[in-house]
Amino acid sequence: MKKENESADFFSRLWNFFASIRLTVVLLLSLAVTSMVGTFIPQNQSPAAYFHEYGEFFYKILSVLNIFDMYHSWWFQLLLLMLTINVIICSLNRFSTTWKIVFVKIPPFSVAKFRSLSTKEEFTSKRPIKELKKKCEDIASKKFSYCRVEQTDKGFFIFAEKGRWTRLGVYAVHFSIILLLIGALTGSIFGFEGFVNIPEGETVNSIELRKTGQIHNLDFGIRCDDFSVSFYETGAPKEFRSTLSIIEDGKSVLKEDIIVNDPLRYKGINLFQSSYGMLPPEKITLNIVSRETGMAYKKTAKIGQPIEIPEGMGTLVIKDYRDSFNYKSLSLGETFIGILNKKDGNSINIILPLHFDSFDKMRKGDFIFSVTEYDNRHYTGLQVTSDPGVLVVYSGFIVMIIGCFGTFFMSHQRLCIEIAKSGNNYKVIVAGTANKNKLGMQARVKRLSQNLARL
Amino acid sequence: MDSSNLLSVVTFVYGLAAILYISSWIFKKTLPGLLATWTAFLGAMGNAAGIIMRWVESYKLGIGHAPLSNMYESLVFFSCTIAVIYLVIERTYKNRIIGAFAMPIVFLSIAYASLSPNIRDQIQPLIPALKSNWLIAHVMACFLGYAAFAIAFGISLMYLFKQRDKDGESYLLSHFPELSVLDNLTHQMVTFGFLFLSIGIITGAVWANSAWGSYWSWDPKETWSLITWFIYATLLHARMMRGWHGKRIAYVSIIGFLAVMFTYFGVNLLPGLHSYAQ
Numbered sequence: 031m032k033k034e035n036e037s038a039d040f041f042s043r044l045w046n047f048f049a050s051i052r053l054t055v056v057l058l059l060s061l062a063v064t065s066m067v068g069t070f071i072p073q074n075q076s077p078a079a080y081f082h083e084y085g086e087f088f089y090k091i092l093s094v095l096n097i098f099d100m101y102h103s104w105w106f107q108l109l110l111l112m113l114t115i116n117v118i119i120c121s122l123n124r125f126s127t128t129w130k131i132v133f134v135k136i137p138p139f140s141v142a143k144f145r146s147l148s149t150k151e152e153f154t155s156k157r158p159i160k161e162l163k164k165k166c167e168d169i170a171s172k173k174f175s176y177c178r179v180e181q182t183d184k185g186f187f188i189f190a191e192k193g194r195w196t197r198l199g200v201y202a203v204h205f206s207i208i209l210l211l212i213g214a215l216t217g218s219i220f221g222f223e224g225f226v227n228i229p230e231g232e233t234v235n236s237i238e239l240r241k242t243g244q245i246h247n248l249d250f251g252i253r254c255d256d257f258s259v260s261f262y263e264t265g266a267p268k269e270f271r272s273t274l275s276i277i278e279d280g281k282s283v284l285k286e287d288i289i290v291n292d293p294l295r296y297k298g299i300n301l302f303q304s305s306y307g308m309l310p311p312e313k314i315t316l317n318i319v320s321r322e323t324g325m326a327y328k329k330t331a332k333i334g335q336p337i338e339i340p341e342g343m344g345t346l347v348i349k350d351y352r353d354s355f356n357y358k359s360l361s362l363g364e365t366f367i368g369i370l371n372k373k374d375g376n377s378i379n380i381i382l383p384l385h386f387d388s389f390d391k392m393r394k395g396d397f398i399f400s401v402t403e404y405d406n407r408h409y410t411g412l413q414v415t416s417d418p419g420v421l422v423v424y425s426g427f428i429v430m431i432i433g434c435f436g437t438f439f440m441s442h443q444r445l446c447i448e449i450a451k452s453g454n455n456y457k458v459i460v461a462g463t464a465n466k467n468k469l470g471m472q473a474r475v476k477r478l479s480q481n482l483a484r485l
Numbered sequence: 292m293d294s295s296n297l298l299s300v301v302t303f304v305y306g307l308a309a310i311l312y313i314s315s316w317i318f319k320k321t322l323p324g325l326l327a328t329w330t331a332f333l334g335a336m337g338n339a340a341g342i343i344m345r346w347v348e349s350y351k352l353g354i355g356h357a358p359l360s361n362m363y364e365s366l367v368f369f370s371c372t373i374a375v376i377y378l379v380i381e382r383t384y385k386n387r388i389i390g391a392f393a394m395p396i397v398f399l400s401i402a403y404a405s406l407s408p409n410i411r412d413q414i415q416p417l418i419p420a421l422k423s424n425w426l427i428a429h430v431m432a433c434f435l436g437y438a439a440f441a442i443a444f445g446i447s448l449m450y451l452f453k454q455r456d457k458d459g460e461s462y463l464l465s466h467f468p469e470l471s472v473l474d475n476l477t478h479q480m481v482t483f484g485f486l487f488l489s490i491g492i493i494t495g496a497v498w499a500n501s502a503w504g505s506y507w508s509w510d511p512k513e514t515w516s517l518i519t520w521f522i523y524a525t526l527l528h529a530r531m532m533r534g535w536h537g538k539r540i541a542y543v544s545i546i547g548f549l550a551v552m553f554t555y556f557g558v559n560l561l562p563g564l565h566s567y568a569q
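So the sequences go chain by chain: A and B.
The numbering used here numbers the first residue of the first sequence as 31 and each following residue consecutively.
The numbering used here numbers the first residue of the second sequence as 292 and each following residue consecutively.
Since the hints were derived computationally from the structure, they do not count as laboratory data.
Every residue gets a Cβ at the ideal spot worked out from N, C-alpha and C, and that includes glycine.
Treat the hints with caution; some may be incorrect.
As the list claims (entries may be wrong) - Derived list of chain B stretches under chain A, where covered just means 3 residues or more per stretch with a C-beta under 8 Å from a C-beta of chain A:
1. 409-420
2. 499-506
3. 509-522
4. 526-534
So that you can see chain A by itself, here it is in the shape it has in the complex (with noise of 0.2 Å):
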């Protein structure tokens, strides 16, 4: 018996715990602060970047504590957790009340509690009764959703009220982030980001994933059939744009344009333009002047093949080719760098911009090098992710939105008007609740009250 007694203690002092608000504001005071550390320290680098920036003693410390990849370590989660149940908790505690003030046949009045309100409106009136009840009811139903009149021996009672559901509001809010930690975690359990590059005509089926590195095959293949990237006069991207078609059983099923911000989603997998590069030419095309004879010879040169000069000078190998090349401090852009071998046995390097033809003249050598053309293939950059979890955060999202609106901007107001003979005249009496925004509540229960004594 004692020991059932315990863990039932056990169990309500956790509950009591997690019901507490003092502890959301706790978590939620946490999470902002904690939170500010990733920011400042750049997350999910390598670790020899952190090593180099921090020091051995720091980087160790730092590393224990998950902070290089914070967002993910076990004791944020651990926080967003607790909030969860703190919020699940709270909400429960409190639901059973407010689901019997809110599902209710008839909503229940207290005149007693409208006659005790410090802030009453009151004016006499000395139209007939009939009219002046036909009055009230109209305007009553007409700004409030429910109404009632009663019949009292001295006159009447009104009753309206509305928005009795908005005390749901708040439900809809903690049942929201609910919603965004399914959503998460069914993302992170069941989905997978990854990325791939595909040159110009040609076919993809894996990619590898951004997490782990490992190879995730996919159901179907890409093919890149075309990139392209234009600009704006002033320099800047413009577009980047991929023509892609899926590929299943060796056919096409689906051909596409993606850019930024228009991706294709197929068979659950979503494929956004992410970056692009240009693939190393593998073929390119030489003009060689003589500087002896003045002739000029054209050439094509496979990388890293040597092809023999004319007039029987040697061999030129091309070797690399570099997306950008300094020389001297001078920015070349692209590049191609070959190695001369003279017949004399002499071997020097041959630096071959694209942008600069006459580049090579300044070698002073006996034949002037210069590339004509080269074969340019793009390869596009695609951000490949599947996120079975997204439905459920964007409901999550929905909900949210329209949780807040019915919590902050809408209330549950009530409203009574009490008539009652006094002398030949009658008094009214308008006096009204709002379980939130009580002030906005008094100017609407006197502007009411202005209406009805104009009348």
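Based on these hints, arrange chain B on the given structure of chain A.
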């Protein structure tokens, strides 16, 4: 006259409005107050006209887009929203002293946009990541939220000044709205801001998911907007469920606004995906 010139003029109109509001508060005269309201109104109209002109100009340049794409444009929109929200409050509460605290924020925001050498006021074409229908919804929601928080900040400052003078002896504080009104107004502004901050974060997440393939990636701007959200969520819970009000709420509201400012400006110093907002 192009939009940049017009908005430079608006800067000075707002500056004048701020001076008028402050002098009406200090000298307790009605005339500068009345002038202040009309000057502020004129400024807000000019501000809105400037935004629309800039929109039209961008179409004439052939790069048409909503003027919400960089720091200059966001600051101009920010000042316009604060001015409009403030004018609505002035009309509702019939008190001009709040203007002495709100209008300087409006002025500083647009003055920083117009006069800072670090901020370029040319209309620039949109980079591919910003070409989306979500741009307008996302930026507008965020800045409506920021503007409401800015006003809550001003009112919280007023609350803190006023509550120090319990006996009502101070000459300057005597015409401040009642403490309860200030407290209530802070709360209302925070709820308004919280709704729009939530919408801003949500539209941003949906947009990010269509541009980058992930609705949340803990980029510093995202994270700081969430930090701001946590702080104001704390304020709302503490107030509604634990009955905090007055001084404590004013302090949290001020801290919240500092977080807003960091989300807006400070994050640009950190590396991340939102770098075009500089």
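When I compare C-beta atoms, does the region 526-534 of chain B have three or more residues closer than 8 Å to chain A? Contact hint for the region 526-534 of chain B vs chain A: holds, 4 residues under 8 Å.
Are there three or more residues in the region 409-420 of chain B whose C-beta lies within less than 8 Å of some C-beta in chain A? holds (count 5)
Check whether three or more residues of the region 509-522 of chain B sit with their beta carbon closer than 8 Å to a beta carbon of chain A. Holds, because 8 residues of the region 509-522 of chain B bring their Cβ atoms closer than 8 Å to Cβ atoms of chain A.
Has the region 499-506 of chain B got at least three residues whose CB is nearer than 8 Å to a CB belonging to chain A? holds (count 7)
The earlier numbered hints are all upheld by this structure, with none contradicted.
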